[in-house]
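Colleague: Next come the chains, spelled out residue by residue.
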Amino acid sequence: MSELAAVVGMGQTKHSSKNGEVSIAGLVRESAEKALLDAELEWEDIDAVILGKAPDMFEGVMMPELYLTDALVANNKPILRVHTAGSVGGSTGIVAASYIQSGMFERVLVSTFEKQSESNAMWALSTTVPYAPLINAGAGGYFTPYMREYKRRFNVPEHIGRIVAVKDRLNALKNPYAHLHIPDINLEMVEKSPMLWDPLTFLESCPSSDGACSLVISSERSVTDNQLPAWIHSTSMRSEPTMYAGRDAVNPQAGSECAKDVYKKAGIKDPIKEIDCAEIYVPFSWYEPMWLENLLLADIGQGWLMTEKGHTSLEGKFPVNMSGGVLSSNPIGASGLLRFGEAAQQVRNKAGEYQVQGAKLALGHAFGGGAQFFAMWIVGANKP
Amino acid sequence: MSDKEILKADFELGFTYTRSTGPVIGHFLTELQKCKIYGIKGSDGKVIVPPAEYDPVTGETLKEFIEVSDIGKVKTWVWVNQPLEKHPIQAPFAWALIQLEGADTNFLHAVKVKKEKIMKNNMKVKASWALPPKGNITDIKYFEPI
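As given, the protein sequences belong to chains A and B, one line each in that order.
For the first sequence, the residue numbers in my numbering are 1 to 384.
For the second sequence, the residue numbers in my numbering are 1 to 146.
In short, the hints are calculated from the structure, not lab data.
Take these hints with a grain of salt, some might be off.
Straight-line alpha carbon distances no greater than 30 Å define the calculated DSS-like cross-link-like pairs of lysine-lysine that follow [claimed, not checked]:
| id | chain 1 | residue 1 | chain 2 | residue 2 |
| --- | --- | --- | --- | --- |
| 1 | A | Lys18 | B | Lys34 |
| 2 | A | Lys34 | B | Lys46 |
| 3 | B | Lys41 | A | Lys34 |
| 4 | A | Lys77 | B | Lys63 |
| 5 | B | Lys63 | A | Lys14 |
| 6 | A | Lys18 | B | Lys63 |
| 7 | B | Lys36 | A | Lys18 |
| 8 | A | Lys77 | B | Lys41 |
Please take these sequences and the hints and turn them into a complete structure.
Modeller: Dropping the structure here:
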């Protein structure tokens with residue numbers, strides 16, 4: 001029998017292209033201090049620290065958890081690093097939750113970050129190995145063929161990606177921490193922005209951000225009256241190889257298996273009806289309808305209709321990425337935990353201007369690698 | 001398969017990393033440009049050189065900078081017989097932990113002496129500065145006995 005765990009604090013930085021005022025340590029520290037403040041806790045209340053970030057090659061700091069020990073006040077405390085590519089923020093939250101559920105710790109600090117201004121993630125992802133094809137594509141070039149295939153397979157109209165791009169940036173205007181604030185965003189502006197990888201235009205792609213996100217996860221007995229807990233109803237992780245014969249990269253099996261598992265563990269039978277809203281990892285516009293299907297929130301080939309009908313907008317039947325999502329801020333290592341944390345803020349009724357009224361149950365989702373690593377959790381206002 | 005059939009190619013992997021040094025390491029580097037070495041006062045009153053952003057004991061944010069001397073004592077050392085291309089001195093030298101006057105922690109740097117037998121614990125050394133200084137740790141070329 002495992003213990004109940006709850007998110008009791010969240011902190012994040014104002015995400016930006018370059019936060020030149022602070023070191024990596026200063027960036028991570030700011031988010032951790034804000035999470036403690038939100039949880040009304042002190043550093044000495046924290047039993048252990050779980051750190052997540054994307055590949056060390058991004059900033060060139062090897063094993064950053066060692067360098068960040070002082071900044072996270074983790075001297076003489078257990079500290080663990082998690083790394084599962086772009087899904088790492090989600091996996092890090094799940095690892096932290098598992099330490100609470102196991103009964104080992106009372107309160108765990110989870111911190112994640114990326115400081116993209118200190119390197120170039122696109123080149124770090126596209127090293128030119130001799131005798132291998134020179135791709136130099138970055139993530140967008142890698143994922144676009146999957147998006148094109150989705151569009152072709154279900155004969156999806158061109159404007160679907162643009163709807164997602166506008167919707168997430170309108171949501172971001174309500175989020176003071178979002179990197180991109182484009183007040184006059186509209187479909188025409190997205191369409192006329194430079195074509196990066198057909199059909200993906202510049203404004204259908206995520207930015208490169210400096211940013212950090214931290215959560216405090218607490219055991220049931222340590223939750224205090226003044227904290228608004230987001231109870232963790234279930235967590236799940238799945239992965240599959242990047243390349244194998246018969247793999248469907250448009251609708252990866254690991255993703256749908258992960259979704260089935262996270263719903264089952266939370267006792268959810270009809271996810272689209274029972275869950276109020278979701279923060280899902282959409283770094284490129286077309287991934288919204290693709291993941292809606294992969295997450296069993298829409299029938300296969302029907303996800304784009306949810307987007308087109310406006311169901312995923314803040315006022316829609318099933319709001320998705322109320323905070324503006326990855327399309328509006330992408331500090332890669334933190335992006336998954338931002339999804340998990342923003343889902344928690346919704347059920348804590350602490351999402352400010354982008355609050356979904358009456359949200360009681362929310363999904364947090366992250367993916368990474370070649371769309372092969374998946375992490376998800378369900379959080380609720382009520383105990384499971 | 002004969003050797004002739006083995007494909008060979010050069011492979012050089014490089015990334016252009018940059019750093020935002022922040023208010024503490026940034027201050028240390030800026031002062032190096034004036035040939036000055038700065039530490040920071042920890043919660044226990046000890047002066048940490050180079051300065052730490054956060055207290056290693058309590059975790060609090062540190063802010064009180066303290067200038068220390070560019071003269072100090074060798075606390076321990078190791079001899080390098082065959083310097084590598086990237087080492088600061090292209091002749092046999094010592095890596096040493098040096099406690100600068102006014103500091104409570106040791107600072108790792110190179111000591112230039114002609115022979116290993118000159119190296120002794122507690123020997124006094126002084127920084128030799130690269131001119132003009134550029135705000136980089138290599139502004140201190142090495143330390144020399146005085």
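Colleague: Looking at the structure, which of the earlier hints fail to hold?
Modeller: Of the numbered hints, all hold.
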